[in-house]
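A.B. asks: Now for the letters of each chain:
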Amino acid sequence: MSIWDYANPKKFMDTTTPAIPWIFGGAALCLVLGLVWGFFLTPEADKFGSSVKIIYVHVPSAMMAINAWVMMLVTSLVWLIRRHHVSALAAKAAAPVGLTMTLIALWTGAVWGQPMWGTWWAWDPRLTSFLILGLFYLGYIALWEAIADPDQAADLTSVLCLVGSVFAILSRYAVNFWNQGLHQGATLSLDAEENISDVYWLPLLVCIVGFILLFLALVLMRTGTEIRVRRLRALERQAQRAVA
Amino acid sequence: MSLRVEGLSIARGGVPVLEGLSFAVEPGQALILRGPNGAGKTTLLRVLAGLAPPLSGRIDATPESAAYASHADGIKATLSVTENLRFWADLYGRSFGAEVLDDFDLRALRDRPAGTLSAGQSRRLGLARLGVIGRPVLLLDEPTVSLDAASVARFAAWLRERHLGQGGLAVIATHVPLGLDAPELDLGRFRASPRSTQGSDAAFL
Amino acid sequence: MTALLHRDLRLSIRAGGGFGLSLAFFLIVVVLVPFAVGPESEILARIGPGILWVAALLATLLSLDRQFALDHEDGALPLIATSPLPLEAVALAKAVAHWLTTGLPLTLAAAPLGVLLNLEGTAYGWLVLTLALGTPALSVIGTFGAALTVGLRRGGLLLSLLVLPLYVPTLIFGAEAARRGAEGMDATTPLLMLAGITAGSLALLPFAAGAVLRINLR
Numbered sequence: 001m002s003i004w005d006y007a008n009p010k011k012f013m014d015t016t017t018p019a020i021p022w023i024f025g026g027a028a029l030c031l032v033l034g035l036v037w038g039f040f041l042t043p044e045a046d047k048f049g050s051s052v053k054i055i056y057v058h059v060p061s062a063m064m065a066i067n068a069w070v071m072m073l074v075t076s077l078v079w080l081i082r083r084h085h086v087s088a089l090a091a092k093a094a095a096p097v098g099l100t101m102t103l104i105a106l107w108t109g110a111v112w113g114q115p116m117w118g119t120w121w122a123w124d125p126r127l128t129s130f131l132i133l134g135l136f137y138l139g140y141i142a143l144w145e146a147i148a149d150p151d152q153a154a155d156l157t158s159v160l161c162l163v164g165s166v167f168a169i170l171s172r173y174a175v176n177f178w179n180q181g182l183h184q185g186a187t188l189s190l191d192a193e194e195n196i197s198d199v200y201w202l203p204l205l206v207c208i209v210g211f212i213l214l215f216l217a218l219v220l221m222r223t224g225t226e227i228r229v230r231r232l233r234a235l236e237r238q239a240q241r242a243v244a
Numbered sequence: 001m002s003l004r005v006e007g008l009s010i011a012r013g014g015v016p017v018l019e020g021l022s023f024a025v026e027p028g029q030a031l032i033l034r035g036p037n038g039a040g041k042t043t044l045l046r047v048l049a050g051l052a053p054p055l056s057g058r059i060d061a062t063p064e065s066a067a068y069a070s071h072a073d074g075i076k077a078t079l080s081v082t083e084n085l086r087f088w089a090d091l092y093g094r095s096f097g098a099e100v101l102d103d104f105d106l107r108a109l110r111d112r113p114a115g116t117l118s119a120g121q122s123r124r125l126g127l128a129r130l131g132v133i134g135r136p137v138l139l140l141d142e143p144t145v146s147l148d149a150a151s152v153a154r155f156a157a158w159l160r161e162r163h164l165g166q167g168g169l170a171v172i173a174t175h176v177p178l179g180l181d182a183p184e185l186d187l188g189r190f191r192a193s194p195r196s197t198q199g200s201d202a203a204f205l
Numbered sequence: 001m002t003a004l005l006h007r008d009l010r011l012s013i014r015a016g017g018g019f020g021l022s023l024a025f026f027l028i029v030v031v032l033v034p035f036a037v038g039p040e041s042e043i044l045a046r047i048g049p050g051i052l053w054v055a056a057l058l059a060t061l062l063s064l065d066r067q068f069a070l071d072h073e074d075g076a077l078p079l080i081a082t083s084p085l086p087l088e089a090v091a092l093a094k095a096v097a098h099w100l101t102t103g104l105p106l107t108l109a110a111a112p113l114g115v116l117l118n119l120e121g122t123a124y125g126w127l128v129l130t131l132a133l134g135t136p137a138l139s140v141i142g143t144f145g146a147a148l149t150v151g152l153r154r155g156g157l158l159l160s161l162l163v164l165p166l167y168v169p170t171l172i173f174g175a176e177a178a179r180r181g182a183e184g185m186d187a188t189t190p191l192l193m194l195a196g197i198t199a200g201s202l203a204l205l206p207f208a209a210g211a212v213l214r215i216n217l218r
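Sequences listed follow chains C, L and E, in order. Per UniProt numbering, the very first residue in the first sequence carries number 1; after that it's consecutive. Per UniProt numbering, the very first residue in the second sequence carries number 1; after that it's consecutive. Per UniProt numbering, the very first residue in the third sequence carries number 1; after that it's consecutive.
With the rest of the complex left out, here is chain C:
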């Protein structure tokens, strides 16, 4: 049995529907554990104070904002190459979740930036890149909404996703070049000397796992909804043809 068997809508639904509550449960468990651990059981950092604790939301949401786009890129490619409807619908389902993650990352960044840099917003490369990513999500979602025929919409949004990915990466470099900013570098790379200490790292890891599970559950649930909508439409049209 190959992985492509799950591309059959019915098989996909049968497999994922019972799993969704468990994934939600796992996400809730990880998020409660990670956030309580991170918020109340870690020491305050010397130079950041208690505001540092927003990383437990900021970092995972920022990661998922990018990962969601990567997932959309992969599922779009699968749709264009193998024409599995579930793949296209999964990309459609992931976009609003990715946009929400982007907004959470931007908002927590602003809340964190206010005490740290003394401003809600700075045209810092990372913040700016996320703002642009948010615009890409908006355009992608708007294109899905604008087209009535689902197959045509899937094709066009997939091409947009491909082209958009190239330009998103270009924008990232352009923005970096345009303004070397205030934001600290990535603090999670495994080999970095100045990695944040384990005290903060472990609860953060739990939070990241929680966000991944939450994203997975939301996307599976939304994909399921999209599949049901398509099935309903297909049944209605079949009934119409039977009458005609």
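Nothing false has been slipped in among the hints.
Among chain L residues calculated to face chain C with C-beta under 10 Å, some are:
#1 PRO16
#2 SER200
#3 ALA202
Everything labelled a hint here was simulated from the structure, so no lab data went into it. C-beta: ideal position from N, C-alpha, C; glycine also.
Using the hints provided, position chains L and E relative to the given structure of chain C.
C.D. replies: Chains L and E in isolation, oriented as in the chain C frame:
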């Protein structure tokens, strides 16, 4: 150059409309498509023209040999009649011969901006495009809409003598008798079953 | 391809073709800016290259939605699609026609309009150079957006939403090169990046545009 279609199934908006369609048109022959509105005449012509892919089946003719003519003629209002035709000739890599103007009774209108033509005159200009681009396979969707009786006869004569007579062939969806000695194909017989397992909806049923 | 290019150029300069509209828009935006930011010539000279770049970008956007929409409405698009010309070449021809009727005039008009913004001596050359290098990319990217939204109701609004994020890198490198050049700094890197984006877009985006046209024609 002949047109052969075997076991063709086509869909409109993801829904199968025709299934198991087979026919052949030989050089010099025309085929008249019959069927009520919604039978799939336009969709079939678009598939034959290569604009839309078939669900399954084979079409034995290169799309490069076909010319498609729909209800809309793609006429630019600010270009003159000659300029419109010359554009199509250039685009298809053909030389523009003035005899087409006579075939479609456009000589008197040749320098008029196409925007000032009446509906029937525009239609004649749209059909004259077929004479200009010189493709052996014509796929015509209701070519006689808004033409008067004389123009219909003139177009039928052109079709018979200048196109079919020169070894061309045509598939025509029309409700108006063109006076051609051509077999008719009733698409109603090939209507796709509501239980069809093809089309983009099928995966969800 | 030249046949299509000729026709589109001819259509755009005939009555109602819209040639000159984006140029007029460009002029008006540049005239409005001093009203908004004040008449101090130092400020205007500093933000001038950026203003001209943004104004040129918006003026380019203005005429994009007509690119395929007109041919779609009168039914010419499927007839062009069944011609020997591949849709990729159709997209490229449309982009070139768009650049010749908007990008090129905007580039040429930027220098005289720079006078209104008190640009300094060297800034003019840099502005024209960066616009000449960057506006082709704007036209090709815009053509892709227009191909994506052809046939959609209210496609114009959606087109802006789709195309503007794609314009970000071109705008950044173009305006940055113009600014650095005007201030006497080294502008090689942004200039090369700008040229790279234009070359890459010209080489690859017609294929994407052709693909989406084919999907939209189905």
